[in-house]
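Student: Residues per chain are reported as follows:
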Amino acid sequence: GESVGLHLPTLSVQEGDNSIINCAYSNSASDYFIWYKQESGKGPQFIIDIRSNMDKRQGQRVTVLLNKTVKHLSLQIAATQPGDSAVYFCAEKTKGEYGNKLVFGAGTILRVKS
Amino acid sequence: NAGVMQNPRHLVRRRGQEARLRCSPMKGHSHVYWYRQLPEEGLKFMVYLQKENIIDESGMPKERFSAEFPKEGPSILRIQQVVRGDSAAYFCASSPQGQASGYTFGSGTRLTVV
Chain S
1 GESVGLHLPT
11 LSVQEGDNSI
21 INCAYSNSAS
31 DYFIWYKQES
41 GKGPQFIIDI
51 RSNMDKRQGQ
61 RVTVLLNKTV
71 KHLSLQIAAT
81 QPGDSAVYFC
91 AEKTKGEYGN
101 KLVFGAGTIL
111 RVKS
Chain H
1 NAGVMQNPRH
11 LVRRRGQEAR
21 LRCSPMKGHS
31 HVYWYRQLPE
41 EGLKFMVYLQ
51 KENIIDESGM
61 PKERFSAEFP
71 KEGPSILRIQ
81 QVVRGDSAAY
91 FCASSPQGQA
101 SGYTFGSGTR
111 LTVV
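If you read the protein sequences in the order shown, they are chains S and H.
Per my numbering, residue 1 is the first one in the first sequence, and the count goes up by one each step.
Per my numbering, residue 1 is the first one in the second sequence, and the count goes up by one each step.
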């Protein structure tokens with residue numbers, strides 16, 4: 001069935017370093033992907049998205065890369081800050097019989113060390 | 001402009017009781033999605049509703065769970081005869097046109113069954 005998975009459950013980085021969070025997806029028909037950030041006790045917060053007709057998209061300090069050949073998605077965070085500590089989820093849009101819905105991966109915990 | 005409002009934030013129920021979780025979508029949003037998150041896991045899709053209609057309930061357990069989104073008032077996720085395995089965080093998201101790009105999540109309801 002459809003699934004979105006992450007390679008690393010926990011990532012620890014030093015403050016100021018760059019972070020890379022990876023995600024593998026299995027549904028080659030997915031055409032839209034989103035990265036969410038979830039802080040403790042809060043709901044998921046949109047970070048950045050990318051459509052399947054793109055390979056790369058940049059935001060403020062964040063970049064998402066999409067490799068459709070190997071069905072891989074990554075989130076790069078530049079100059080990681082303590083406030084970036086959270087759980088990060090990738091999600092893919094799947095088109096079902098009744099419309100679109102997001103399928104989430106298991107999440108990666110990002111810990112930023114000062 | 002308030003975001004997606006969920007209440008209560010925390011809910012404790014004894015086994016066998018009923019749990020009612022409420023979600024008020026963002027103003028102007030007519031599509032609501034419910035997700036469940038177990039500790040240390042990702043978000044699992046449960047149900048997608050529009051006003052007065054259930055569009056996709058493929059993620060809902062067959063028994064004890066129901067959802068509605070009436071013409072007036074919030075969306076309600078109802079769990080009857082709760083069991084310990086129902087303990088989780090339940091998140092609601094809304095969008096204006098059912099497009100994944102428009103998802104906004106609430107802060108969730110944390111259900112604890114004792």
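Calculated directly from the structure, the hints in this document are not laboratory data.
Since this is a predicted model, take the numbers as computed values, not measurements.
All residues carry an ideal CB built from backbone N, CA and C; glycine is no exception.
Be aware that one or more of the hints could be misleading.
As the list claims (entries may be wrong) - Computed beta-carbon distance windows for the label pairs:
1) S/N18 with H/K62: 34 to 40 Å
2) S/A78 with H/N53: 42 to 48 Å
3) S/Q81 with H/R64: 39 to 45 Å
4) S/S114 with H/E63: 34 to 40 Å
5) H/E68 with S/G41: 49 to 55 Å
6) S/G16 with H/K71: 48 to 54 Å
7) S/N18 with H/Q80: 46 to 52 Å
8) S/P9 with H/N53: 46 to 52 Å
9) S/A79 with H/P70: 44 to 50 Å
To be verified - Beyond 12 Å from chain S on every Cβ pair, some chain H residues (computed):
10) R22
11) V83
12) A89
Student: Hint numbers the structure violates, sorted upward?
Tutor: 1, 4, 5, 8, 12
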